[in-house]
Structure formats: C-alpha cells, structure tokens
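Student: Position chain B against the provided structure of chain A, taking the given hints into account.
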Amino acid sequence: MFDLEQSIADWRKQMLAAGIKTPVPLEELENHLREDVEERMRSGVTAQQAFETTVRQIGRGDMLQPEFARAGETIYERMKKLFCAFAGIPNYQLATNMNTSNSNLEPGWATYLKSAALIFPAIFVWVGCCVWVVPKLKEICVVSGTRFPEPIWTALALSEFCKNHFFLGAIPLLAALILLEWRSRRWPRYRRLVFGIAAFSFNFIALVLITTMMVFAVVAGANLLPHAK
Amino acid sequence: MIRKELVAASAEPMILSLLAKGESYGYAIIQEVKARSDGKLNWTDGMLYPVLHRMEHRGLIKSRWTESETGRKRKYYSLKKDGKTAMAKHQEQWSLVHSVLAGLKKEQYV
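Chains A and B, in that order, are what the protein sequence lines are.
Mapping the first sequence onto our numbering, position 110 (from 1) lands on 1198, and the numbers just tick up by one.
Mapping the second sequence onto our numbering, position 60 (from 1) lands on 211, and the numbers just tick up by one.
Okay, chain A solo, but in the shape it has when bound (with noise of 0.2 Å):
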C-alpha cells in the first residue's frame, strides 16, 4: 500500500542525500510536492502516480544540488566572487540551466575606470616606498653592511626602466589598445579579464615587493643594535 507521507519523508532523505542541506530550498521543494501532488490528485490521479509525476518533474537532488549551491552565497562562492573582485571582475555572471540570459559583458569605459582606479593605490604606495623607503632602506643596509635584497634590485631597475622609458611603452601598448577597441570584435570578450589579470597581477607584485622592504628594514635594521654588533 503506497504511503504518501512515508514517501515524502524518503524523497527529503535522497534530497538530503544529494546535498540539498539547507533548510529555505528543501522546504520550497517540499511545498511544491505537496501542493502539485494535491492538484494532480483533485484531478483523479491515484497518489502513487501524482508522486512519482510529481517527483520527475522536480528533478534529482544531485541536478538541483549545483544550482542551489550557485545561486546560494556558499563560503566557496564568496571566495570566488571576493577573487573576481580583486581581478577586477565585480559581477560575474553564474550560469544556470534557467538562465542564461544577461550577457557578462561590462562596457569599455566601466572596465577602464576600474582598471585604473584599482592601479592607481598601488602605483601611488610604490612611488612613496622609491621616494621615501628605498633611500633609507639603502642607508640602513650601507650602516648595518647588509646587502641589498635581489628582488627589490630588480623591481627598483624595472620601475626606473618604466619611469626613463615611460612614452617608449606607453605609446605601444595605446596604439594596440586603440587598434583593438577599433577592429577587433573579440576583444570586449577578454577586455575585462585582460585588465582584471593585470591588474590584479600589478598589485600583487607590488604589495609583495614592500611587504618585502618592511621585512628586509626589520631584519637588516637589527644588525645595527648594539648587543648584535
């Protein structure tokens, strides 16, 4: 004999089973059952195949379970969306077998202002460490007889290469920029990720050089204590 809550309560088990573990989506789906099975029963449907319909045209827990998981704000979700935030990406698009309809395109000038408003923290921290941190980190090595970190060498080379050759990379890299706003039609695809990369790339490299300093001022600054000597 087909018992209908009994089958419920397995139907909430597999879905349970499948991962569906928060409480708001399970009792959504469970409402839907109920209510469809009724209906489909006040049109002369026995029980057992007003469920089982139903239960098809719900789906399987482990098809649904992804979708929920997408679309709820999971510890891995906010990661990733805290990741594309960083990398210049601030909505990025998550596609559902029901949706697929925004496209994740954002114009031209909305990924340049945010490129360059992500830039310029970085480009403004590292002028101040070459002006006012570098010169004394110098002077800090020279007193204490350390050497000065590789790393920092290289990117204080770099910068002073960009700084002498600023107009010899810059008037490439917007002639390319123009030519592919211009011409190319797969560009605002990967314009975004592009910038994004960079930018986050940028950053990164930067806020490591001077965590790099800091740590190097500390250790080398040290040395010049009295009981080290």
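No lab work stands behind these hints: they were computed from the structure.
Capping the alpha-carbon separation at 27 Å, the derived lysine-lysine pairs in DSSO-like fashion look like this:
no.	chain 1	residue 1	chain 2	residue 2
1	A	K1109	B	K224
2	B	K232	A	K1202
3	B	K172	B	K235
4	B	K213	A	K1109
5	A	K1168	B	K213
6	B	K240	A	K1202
7	A	K1168	B	K231
8	B	K185	B	K172
9	B	K224	A	K1101
10	B	K185	B	K155
11	B	K240	B	K191
Tutor: The following block gives chain B in isolation, referenced to the frame of chain A:
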C-alpha cells in the same frame, strides 16, 4: 516543445514579468507559465527555485514567508526596484528580437 536554450534564456524575463503583476510563489509561477504557453514552455520545476534564489541575491526580487488559507507555508516573491529596471531592459531586448524576426518573416511572404 521549445528548445532548452530558449527556455533557459527566457526564464528570468518571464519570472520578472510575472512578478510585476503582483507577488507570487514558486508553484504558482510554474503553473502560470505552463498555462500561458499551453504547456509548451516546460521547466524542470525544481530548477525554478535556484533561479529565484539567485535573482534574490542579485537584489532583483525579495521574498517573505507566509501561511496560505490551508495552513501551508509559502515563500512569496515580489519585484524590487532593480528588478523592474531589469524587466524593462529584458522586455526591450526581447521586443527587438521579436520585431526583427517578424520583419524577416513578413518579407519572406511578400
């Protein structure tokens, strides 16, 4: 039957337009879509809820739990301001697609 890709693409504008008429809940939304399309727009029922949740996270719609006259709890969804804007955008785009197709079809029979 309507192609899966088209069903997927039309889900959000359809939900937004339905909710523009007034608040509704999952089961009623599905039933109305089925009725209006003569059963040709066949969603996998369960898939509606992740879409509703995602739209809620994006700030297009809001929800509230309420009890029906039969005592059953229902989660009602309604449109937010951003949802109205998104709906207008969707309708504009779909109208454009429709007018282009209708124009091309008309030319075929001239």
